[in-house]
Amino acid sequence: DQQVKQNSPSLSVQEGRISILNCDYTNSMFDYFLWYKKYPAEGPTFLISISSIKDKNEDGRFTVFLNKSAKHLSLHIVPSQPGDSAVYFCAASAPGNKLVFGAGTILRVKS
Amino acid sequence: NAGVTQTPKFRVLKTGQSMTLLCAQDMNHEYMYWYRQDPGMGLRLIHYSVGEGTTAKGEVPDGYNVSRLKKQNFLLGLESAAPSQTSVYFCASSDRTGDNEKLFFGSGTQLSVL
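As you go down the protein sequences, you meet chains A and B in turn. Mind the numbering: the first sequence is residues 909 to 1019 in our numbering, read in order. Mind the numbering: the second sequence is residues 921 to 1034 in our numbering, read in order.
Warning: the hint list may mix true and false statements.
[Unchecked claim] Once the Cα atoms are required to be at most 27 Å apart in a straight line, the calculated DSS-like pairs of lysine-lysine come out as:
hint, chain 1, residue 1, chain 2, residue 2
1, A, K979, B, K1022
2, A, K1018, A, K962
3, B, K977, A, K945
4, B, K934, B, K1022
Rather than coming from a laboratory, the hints here were simulated on the basis of the structure. Nothing here was measured: the structure is a model prediction, and the numbers come from that model.
Bound conformation, chain B alone (with noise of 0.2 Å):
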């Protein structure tokens, strides 16, 4: 029962490098989102999806982008990543039956940016 699942779980970049962010939910959820965690910043929405095909812009969306091409897959991308880009993302699904909004996570992608 896997749930959500998101690779790498660990990755070190120099300052311009890109790299993209996997993550798989098997929950055939509409909804899947990508956020970090910064120390006393809580959890902060970068992208996220409503559907196959569809993106859109959360809190703090400069820097990634995102895209949703099958249903059950949503990548998070760095062009040129930088050193603020340093923290621990994490990638959520969520069937949205009526306005309650309960996620589901995946275990996390810690991001070092030198």
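Next comes chain A alone, as it looks inside the complex (with noise of 0.2 Å):
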């Protein structure tokens, strides 16, 4: 039973337009979120994180959303580059424990 989905596995925008990248949750013990981003034949690296305290943080072109009540948050990318496409996970944790990852979704930002 999968704790953190991306019912999305993929995802296609034009350049210069809004990328909304969407993530559920099921474990409500669950307090920091992260997204990291893949490229081919790279290691995840990390991208942006929320705490549970806050419903949205902000870096550059980067926001997360996080709503406690739906369990569920977001990643917009504003505007989309071509070199924001990647496979982008979510991940959370709950204290004491290990992260979840979900599976990941792929976007693809066409020029």
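Two chains, two frames, a set of hints: combine them into the complex.
As structure tokens, then:
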């Protein structure tokens, strides 16, 4: 039973438009959430995170939104660039426990 | 600035063969991890270590063993490889400052078991 779900295997967006990647979770004990980005033949790299005490965190073109009541978080990329094309993993952790990852969403930004 | 280095990058094994994957980090991190990535499954934790000389089981530990004899190295062993262990393996490390677990990953090892 997957505790962290990324229901969209892939997403295609035009350059300059907004990309929205979604993630749902089932464990109400999760209190810290992260997004990782992965290019082919490379390891995942940390992108942005959010604590459960916040509902939004912004870093340049990347914003993560957390809706605790819906157990949902999303990553917004504005504007999207071709270099953003990658696999994006959502991850979550509860106190004292290890990170749990979603299955990933492949983002393709078309120029 | 190496970060986390994994060797080898690719390996093909026959069923029943053994091998060891090596992970080295130069960031003086206390925590090290081994994950496997499979299509539609995301990253699943195999084993981890909270410091030199310690190891612990993750979500999918069966068929694997690990050792952390030195702080900078974390070895993953397959004693008798099975086709189900065909996967991409990632090593990661973290300094575990506070409760926020930001991981630094290596570039991965593509393993095929025939």
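Right, here's what the structure says about each hint:
The suggested pairing of K979 of chain A with K1022 of chain B holds, with an alpha-carbon distance near 21 Å, which does not exceed 27 Å. For the hint linking K1018 of chain A to K962 of chain A, the alpha-carbon distance of about 32 Å lies beyond 27 Å, and the restraint is violated. The straight-line distance between the Cα atoms of K977 of chain B and K945 of chain A is roughly 26 Å, inside the 27 Å bound, and the hint therefore holds. Simply put, K934 of chain B and K1022 of chain B have alpha-carbon atoms about 35 Å apart, too far for the 27 Å limit, and the pair is violated.
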